[in-house]
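**Q** Sequence:
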Amino acid sequence: FFSVTAKIRILKDYHLRIINSVYPIPSGFDIANNLRYFSQTLIGVLKDVPLSTKHLFIRRKTNRECLQVFPDLDYMHLYETVECIINDVSVILTGQHALGESLLCVLGCLAPFLSSSILDTLPNLVASTLTTFPSSLHRDILMLLCNNLLPVTISNLMGQNCTYATDSVPSVLMIVFQFSHSKEYHSMIVECLMALKKDVYKDLLYVIAYGASQSREVASHLLFYYWPQLNPMCFDFSGIHGTYHGSFLKYFSFFHCLGLLKFCEIGL
Numbered sequence: 001f002f003s004v005t006a007k008i009r010i011l012k013d014y015h016l017r018i019i020n021s022v023y024p025i026p027s028g029f030d031i032a033n034n035l036r037y038f039s040q041t042l043i044g045v046l047k048d049v050p051l052s053t054k055h056l057f058i059r060r061k062t063n064r065e066c067l068q069v070f071p072d073l074d075y076m077h078l079y080e081t082v083e084c085i086i087n088d089v090s091v092i093l094t095g096q097h098a099l100g101e102s103l104l105c106v107l108g109c110l111a112p113f114l115s116s117s118i119l120d121t122l123p124n125l126v127a128s129t130l131t132t133f134p135s136s137l138h139r140d141i142l143m144l145l146c147n148n149l150l151p152v153t154i155s156n157l158m159g160q161n162c163t164y165a166t167d168s169v170p171s172v173l174m175i176v177f178q179f180s181h182s183k184e185y186h187s188m189i190v191e192c193l194m195a196l197k198k199d200v201y202k203d204l205l206y207v208i209a210y211g212a213s214q215s216r217e218v219a220s221h222l223l224f225y226y227w228p229q230l231n232p233m234c235f236d237f238s239g240i241h242g243t244y245h246g247s248f249l250k251y252f253s254f255f256h257c258l259g260l261l262k263f264c265e266i267g268l
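Using UniProt numbering, read the sequence shown as starting at 1 and increasing by one per residue.
Treat the hints as calculated values from the structure; they're not laboratory data. Note that beta-carbon positions come from the ideal geometry of N, C-alpha and C, so glycine has one too. Careful, some of the hints might be misleading.
Estimated spans, in silico, between C-beta atoms of each pair [as the list claims (entries may be wrong)]:
1) Ile43 <-> Tyr210: 36 to 42 Å
2) Arg139 <-> Asn33: 19 to 25 Å
3) Ser3 <-> Trp227: 51 to 57 Å
4) Asn147 <-> Arg36: 30 to 36 Å
5) Asn147 <-> Ser115: 30 to 36 Å
6) Pro71 <-> Glu191: 34 to 40 Å
7) Asn20 <-> Arg139: 32 to 38 Å
8) Asn147 <-> Glu80: 23 to 29 Å
Model the full assembly from the supplied sequences, consistent with the hints where possible.
**A** So, in structure tokens, the structure goes:
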């Protein structure tokens, strides 16, 4: 416990030196080396979890029971420090790729040790790294979202009340569509969500209604690709004329999206 606490202090000191420009300013490689210790430690803790208790982590219905299985290693303090560093990655001049890779690894390892309320915020936090992390890490970010965080935070909530994780799906999509330029990644996250929750088309409609222009265009293409019955050319939108020239976006406005939402609730 004391070695973990000491390492967290070092990590926090690195962050303070960066934001206050105190020399010597640590590089991304320095912080990444420190973060690897936490990844290895957390993986070691997970390996020591008795097989008889591993069913608790599959459904996460009893979060307190999950947390009681682990030794107290100040997980929350580590998470808060990692979150602060993520917010300031853009000011680190050297070793950004190594740092970003280590931060993603730690977040993936930390997920089982966090309370449900914090865990639900992880998809949005990880998606936000697309705005500051090098583009070479975009695939790692999408893999972490689709293979780890989204299945844990959303898959077992179907039929239950909405949580921050489900409510933040449109926000996650907006970020991915705007800052990742790969069609493969766009399809990856939509298909992942389609396997985990119902009414993903509503999330896409919210992106079209509220997102930036680039996000709206991507969302419109994906909406009509996966739900061709929602093609606006099939409906009588009075006053709207034109032909398809590579984007359905010009046919949409905020009110059209609301109208489609009402139609979907009745017709799908």
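**Q** With reference to the structure, classify each hint as holding or not holding.
**A** Outcome of the hint check:
1. Ile43 <-> Tyr210: 36 to 42 Å: 39 Å, holds
2. Arg139 <-> Asn33: 19 to 25 Å: Holds, at about 23 Å.
3. Ser3 <-> Trp227: 51 to 57 Å: 52 Å, holds
4. Asn147 <-> Arg36: 30 to 36 Å: 21 Å, violated
5. Asn147 <-> Ser115: 30 to 36 Å: 22 Å, violated
6. Pro71 <-> Glu191: 34 to 40 Å: The hinted range 34 to 40 Å holds for Pro71 and Glu191, with Cβ atoms some 38 Å apart.
7. Asn20 <-> Arg139: 32 to 38 Å: 33 Å, holds
8. Asn147 <-> Glu80: 23 to 29 Å: Between Asn147 and Glu80, where Cβ atoms are some 25 Å apart, the hint holds.
When held up to the earlier numbered hints, the structure conflicts with 4, 5 and fits the remainder.
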